[in-house]
Amino acid sequence: MTGSVTAKYREMRVNATDLFDLVLLALLLTCAIGIARLKDLAACAILFSAYSFILCLVWAHRGAPDVAMTEAAVGAGITTVLFLVVISRVGRREK
Amino acid sequence: MNRRRAGRILTAVLIAALAVPLMYGMVQLPAPGHADAPAHTNVSAGYIERGAELGGSENLVTGVLLNFRALDTFGEVLVIFTAWLAVAAVAGTASNAERDPVPPSPVVDYVIRLLGPFIAIFALFVIVNGHVLPGGGFQGGVLLGAMLILLSLVMDAETVARAVSARSWIWLRATGVLVFAMVAVMGLPLAGYLFGLPDEPGLRQVLTVALELGIGIGGGAVLAGLFFAIAGADRS
Amino acid sequence: MSAVHRWVQLSTALFVFWLVLSMPLDLSDLLWGLPAAVAAGGLAGAFLWREASPGIGARRVAGLVFYTFDLVRQIVPAALQVARVVLDPALPLDPKMIVHRTPLDDDLERVTLANTITLTPGTHCVDLDGDRVTVHCLSPSFAASLIDGSLDKRISTSIGGVERDE
Amino acid sequence: MIDAAHALLVCFLVIAGAAFFFIGTLGLLRFPDFYTRIHAVTKCDALGAGLVLLGLAIWRGPDGEGVRILALIALLLISSPTAGHALARAAFRTGLKPWTRNDGERDGEIPGDASERD
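Protein chains in written order, with this note's numbering: chain G, 1 to 95; chain C, 1 to 236; chain Z, 1 to 166; chain S, 1 to 118.
Since the hints were made in silico from the structure, they are not lab data. Treat the numbers as computed from the prediction; the structure is a model and nothing was measured. Quick reminder that beta carbons are idealized off the backbone N, C-alpha and C, glycines included. Take the hints with a grain of salt, since some may be wrong.
Computed, partial: chain G to chain C, Cβ under 8 Å [said to hold, decoys possible]: (1) Asp66; (2) Ala73; (3) Val74; (4) Ala76; (5) Thr80; (6) Leu84; (7) Val85; (8) Val86; (9) Ile87; (10) Gly91.
Computed spacing ranges between beta-carbons, pair by pair [claimed, not checked]: (11) Z:Gly130 / C:Ala83: 37 to 45 Å; (12) G:Phe20 / C:Ala166: 42 to 50 Å; (13) C:Arg69 / S:Ala74: 35 to 43 Å; (14) C:Ser165 / G:Thr79: 25 to 33 Å.
Given only the sequences and the hints, what does the whole structure look like? Please build it.
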């Protein structure tokens, strides 16, 4: 009896996990489309940072904490700063 | 107008032509995390079973990176160093950026000065424990670089860049490559082949931590160097 | 405060942080942590806090912990008030910029004041320049404890007046 | 009994944090300009996440993870208001004018699309 209950619970949990992944992937897609369409480079940089952060959540959720850490620090942190510094020197509108 | 429309239709057709086979392939992939998937039945099972013992570190990822695929990782470290060389060559000679007229807020200034050393300690912790916990040289190095960039936001990038002389910066940036090359060569007498780690567990751990430290310091210095070069604070 | 004293203080704080990170403790953690904390503390003292010290000693740490609990007590009613504003269909906002002159004259005290203002729902610290604190508030009623000076008083009783720099 | 009280406390804290996030996000969507919106974001970030983390720390109990989560809360309480302050200050120093009730009435604009257009 208890065995079947735990099995059912496990099944439910797997489904909830997949749902969480789907939500994250939908957010990723939204960010990606936004980055491709925006003309304001500063906004693109910020959106790219958000994209990296969501991707970091996907990695962490998929059981890859090493990659998640790198993604958070490099993608969401340093790359954004470097982009913004470059944008501050070359101007923020795409021609 | 008409041509543009034709172009759009062509794009849509091409994308559809690409998407159909991709989707067809995706449907045939095994479910993510399925135990019978080819990715889980062949080589990775071997890694998981014997990786900790053969690779010399409890964190399998570190073991694979620094031992089984040391050559790849060496390439990665070289790429990072080369990236800095390229950016320094292009941007390093650019004139200095104009000074920001607004001084940083006293609140931000105080908090970053207060937290900076703690970030450095955390970075070091991540580097040194890379063989046991998630993390390692690359991750810790990025944290170190981020700390230097954060400090240069409140302290003026040139002051931070000048905390170490230009020549020492170059050596620091090359640390990863140099330490890795040294350990690789030491593999010849100790393990019998290049990039080999010795069988003796104590020595192997020391070399692993040395590699992590080298990668961390080198990576952090390169990232900070990229920032200084692009922001025009680099005089080297 | 002498340079050595500052070094010891910073290194102790960093070492405690290292121990928290590496719990459960192990001999190798101590072996790595001690030199790392001493080195980082020395570098921080030499580069970051050369002119002034952060001014946080043991008594102030205790004061800050006490103050955090005090802060939670202040935040709860303010949070409920803001929740009412947000949920109200008419959105009864009346945002104002207020300039407040604070009697607090120490770095840590002023930073605590600014961050308390920012953390309290309804008020947000926009600028800090000498003793002038510019605050944006959702409506003037949220800034009552700021205007009558009771916030300054609470901060100075918790963490003020001790361990000044020489 | 103790277990039940423990779980109840954790649930209460996590739900309170989530409620904070909900109200903050609602504020972000409803508020009229940059300054009022940054109010919502900063509080959400610090207090909502702080409450959820506190719940998790109590859930773990006094082992290494629990203490590390407490350290994380301390970091959040320091860094989040500082970041909010830095953003607001940047806007203030570059001359962004705050929205006021009078503006909105004079221009006949509804809160929600006043100012902040560029």
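Status of the hints after comparison with the structure:
For Asp66 of chain G, the shortest C-beta to C-beta distance to chain C is roughly 5 Å, which falls under 8 Å, so the interface hint holds. Below 8 Å, beta-carbon pairs count as interface contacts, and Ala73 of chain G has one with chain C at about 4 Å; its hint therefore holds. The restraint placing Val74 of chain G at the interface with chain C holds, with a minimum CB-CB distance near 5 Å, inside the 8 Å limit. Against a cut-off of 8 Å between C-beta atoms, the interface hint on Ala76 of chain G is violated, since the closest Cβ of chain C lies about 10 Å away.
Checking Thr80 of chain G against chain C by beta carbon gives a least distance of about 11 Å; that is not within 8 Å, so the hint is violated. Violation of the interface hint for Leu84 of chain G is found here, the shortest Cβ-Cβ separation to chain C being roughly 10 Å, above the 8 Å cut-off. With a least beta-carbon distance of about 5 Å to chain C, the hint placing Val85 of chain G at the interface is held under the 8 Å criterion. A cut of 8 Å between beta carbons decides the hint on Val86 of chain G: the least distance to chain C is about 6 Å, and the hint holds.
Using the Cβ-Cβ criterion of 8 Å, the hint placing Ile87 of chain G at the interface with chain C is not satisfied: the shortest such distance is roughly 11 Å. Residue-level restraint check for Gly91 of chain G is violated (minimum Cβ-Cβ distance to chain C is 13 Å; threshold 8 Å). As the Cβ distance of Gly130 of chain Z to Ala83 of chain C is approximately 43 Å, the hint placing it in 37 to 45 Å holds. Phe20 of chain G and Ala166 of chain C have their C-beta atoms about 48 Å apart, which keeps the hinted 42 to 50 Å range intact.
Between Arg69 of chain C and Ala74 of chain S the beta carbon distance is about 39 Å. The supplied range of 35 to 43 Å therefore holds. In this structure the supplied range 25 to 33 Å holds for Ser165 of chain C paired with Thr79 of chain G, their Cβ-Cβ distance being about 28 Å.
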